[in-house]
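With the hints as your guide, set chain B onto chain A.
Protein chains in written order, with the numbering used here: chain A, 1 to 267; chain B, 1 to 267.
What the hints contain is simulated information worked out from the structure, not anything from laboratory work.
Predicted model only: the values in this text are computed from it and were never measured.
Hints are not guaranteed to be accurate.
Some chain A residues judged to face chain B by a derived CB distance under 8 Å, without partners named [said to hold, decoys possible]:
| hint | residue |
| --- | --- |
| 1 | 58 |
| 2 | 87 |
| 3 | 204 |
| 4 | 207 |
| 5 | 238 |
Label pairs and their computed distance ranges (CB to CB) [said to hold, decoys possible]:
| hint | chain 1 | residue 1 | chain 2 | residue 2 | range |
| --- | --- | --- | --- | --- | --- |
| 6 | A | 91 | B | 16 | 18 to 26 Å |
| 7 | B | 94 | A | 16 | 17 to 25 Å |
| 8 | B | 25 | A | 205 | 46 to 54 Å |
| 9 | B | 252 | A | 224 | 42 to 50 Å |
| 10 | A | 69 | B | 116 | 42 to 50 Å |
| 11 | B | 110 | A | 15 | 45 to 53 Å |
| 12 | A | 51 | B | 1 | 41 to 49 Å |
| 13 | A | 1 | B | 10 | 19 to 27 Å |
| 14 | B | 10 | A | 16 | 31 to 39 Å |
Ideal placement from N, C-alpha and C gives every residue a C-beta, glycine not left out.
2 protein chains.
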Amino acid sequence: MSAAFEAATGVVAKGDGAYAARIEPGWDIAGNANGGYLIALAARAMADAAQHPPLSITAHFLSPGKVGDCLIDVDVVRSGRRMVTAAAIVTQAGQQLMALLGTFGEQSPGGPECVAGRAPELPDFPSCVRTVPPAEGSGFGERVHVRVRPGDVGFLEGQPSGTPEVCGWFTFDDEPFDQQHVDVFGLLQATDAFVPVCFNAPGVPVAWAPTLELTVHVRGTPGPGPLRCRFSSRFVQDAMFEEDGEIYDSTGRLVAQSRQLALIPRG
Amino acid sequence: MSAAFEAATGVVAKGDGAYAARIEPGWDIAGNANGGYLIALAARAMADAAQHPPLSITAHFLSPGKVGDCLIDVDVVRSGRRMVTAAAIVTQAGQQLMALLGTFGEQSPGGPECVAGRAPELPDFPSCVRTVPPAEGSGFGERVHVRVRPGDVGFLEGQPSGTPEVCGWFTFDDEPFDQQHVDVFGLLQATDAFVPVCFNAPGVPVAWAPTLELTVHVRGTPGPGPLRCRFSSRFVQDAMFEEDGEIYDSTGRLVAQSRQLALIPRG
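Just chain A, with the same shape it has in the complex (with noise of 0.2 Å):
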């Protein structure tokens, strides 16, 4: 597992659910955290509160997240024989980030099996385009190593695809992308790391997408290796749109599926 993400979402227990933690530099995309690691920064307090990893957890964000110090309170809801169910609030400076709820318990791997989805076809990992290169450095496109397929890149030259899909690796960086091992943490900010899948659809600006709600299934524990990944929306329409994932590890075997509800960016 990515040590650097590993210490960047580190928390310490401070007693009656409480836990600090710390938001990180290099982990924003333009001076906001970016979504999926404050999602994993709380997880690790929640599945630490909840003695289990999580199984489901869904996020509600409420305002951005600054490098600093934070706070994680976290409130087991039930505690039962397999599943734990907790809520947990992260506060910074006084104010509210992220609500979250989930259970927490362990995977059952066997059992009836009917399985009609499939991991993407992709180019292998350095022909597909790292989409936030270092040089650019918001910081973020140099913790997390994402590649996206190139087919799926042309909205960066004012050309979407025409279809809301992105496909692509996801990996950490501190270790060359063969490497990595990433973990149910790690799955976590593997949903909120690619590029909004509306920048494909036609007549959409390239501009922030801000979102209401994620919600992760974790659906299985990952191999080593990259994961293959998949974010699509069948519906943008209204002014929402909803970006869902999925998330394969090197077996092709789903280990995490993704849904957020999203506002579509207003130029």
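Relative to the frame of chain A, chain B by itself:
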């Protein structure tokens, strides 16, 4: 809108975010309050506190609700200019039934549009199969009026279609089907009124499929008439399945999307 549903999901503000409500008889499956019904009940309290209708609402199910009084405690987490985020807990006789988190605001029609999804093709309302006939006496099937596409109910006779999909019509029962006008709270009910799609997957027993989490995105304001619904799963694996719902109004426009994470029944 269904007068019976409105009466059964009424809430009374008690001050300080507390709402009194009652789980009414007839909205249960085998004695346990239907999940969509409970979400609608809680959403009424949350929408009252937020002074806006729901845009996105997530519910985690903690324990089954029974007929009788319950309490909904709403906490307005953030009150923005256009949107309000609220959390809620539903409690009955000291036991927590459900934890919710949602964002509330008005629909914003218009803007760029890119829609790939389509309403399912369905035989007309009377030609579809009422899956829970009144004679069965569970109550719930007498209150909602769900009609499933004939090809999707083979599991009732041990012949699952092999595809985890269930499509059909939704409305309420207390007026003729073509005179109902389902509102936004009715949409919440519609997302959890059909049989679980896993019943049509090979090798899955027809038994209770406990929901961990259900998220609904309200994507429009329904026009009059019964709703066209599609529920499906693409990943039945490792003891869990996601159930994706799409709900269209009579004009064929998407008005809600839902996704739940549920446990595959054990038989």
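>> Within 46 to 54 Å: is that where the Cβ-Cβ distance between residue 25 (chain B) and residue 205 (chain A) falls?
In response: Between residue 25 (chain B) and residue 205 (chain A), where Cβ atoms are some 52 Å apart, the hint holds.
> Per the hint of 41 to 49 Å, is the separation of the Cβ atoms of residue 51 (chain A) and residue 1 (chain B) within bounds?
Replying inline: The hint (41 to 49 Å, Cβ to Cβ) holds, given that residue 51 (chain A) and residue 1 (chain B) are roughly 44 Å apart.
> Going by Cβ atoms only, is residue 238 (chain A) closer than 8 Å to chain B?
Replying inline: holds, 5 Å
> If you take the shortest Cβ to Cβ gap from residue 207 (chain A) to chain B, is it below 8 Å?
Replying inline: violated, 12 Å
> At a threshold of 8 Å, is the proposed contact between residue 87 (chain A) and chain B supported by beta-carbon distances?
Replying inline: Holds. Min distance 6 Å.
> Quick one: are residue 91 (chain A) and residue 16 (chain B) within 18 to 26 Å, going by C-beta?
Replying inline: holds, 21 Å
>> Does the closest beta carbon of chain B sit nearer than 8 Å to the beta carbon of residue 58 (chain A)?
In response: holds, 4 Å
> Is the distance from the Cβ of residue 10 (chain B) to the Cβ of residue 16 (chain A) consistent with 31 to 39 Å?
Replying inline: holds, 37 Å
>> Verify the CB-CB distance for residue 94 (chain B) and residue 16 (chain A) against the hinted window 17 to 25 Å.
In response: Holds, at about 22 Å.
> Can the suggested window of 42 to 50 Å be confirmed for the beta-carbon pair residue 69 (chain A) and residue 116 (chain B)?
Replying inline: Holds - the Cβ-Cβ distance for residue 69 (chain A) and residue 116 (chain B), about 43 Å, lies within 42 to 50 Å.
> Okay, residue 1 (chain A) versus residue 10 (chain B) on CB: inside 19 to 27 Å?
Replying inline: violated, 50 Å
>> Looking only at beta-carbon atoms, does the pair residue 110 (chain B), residue 15 (chain A) fall within the given range of 45 to 53 Å?
In response: holds, 50 Å
Hint compliance for this structure: hints 4 and 13 are not met, and every other hint is.
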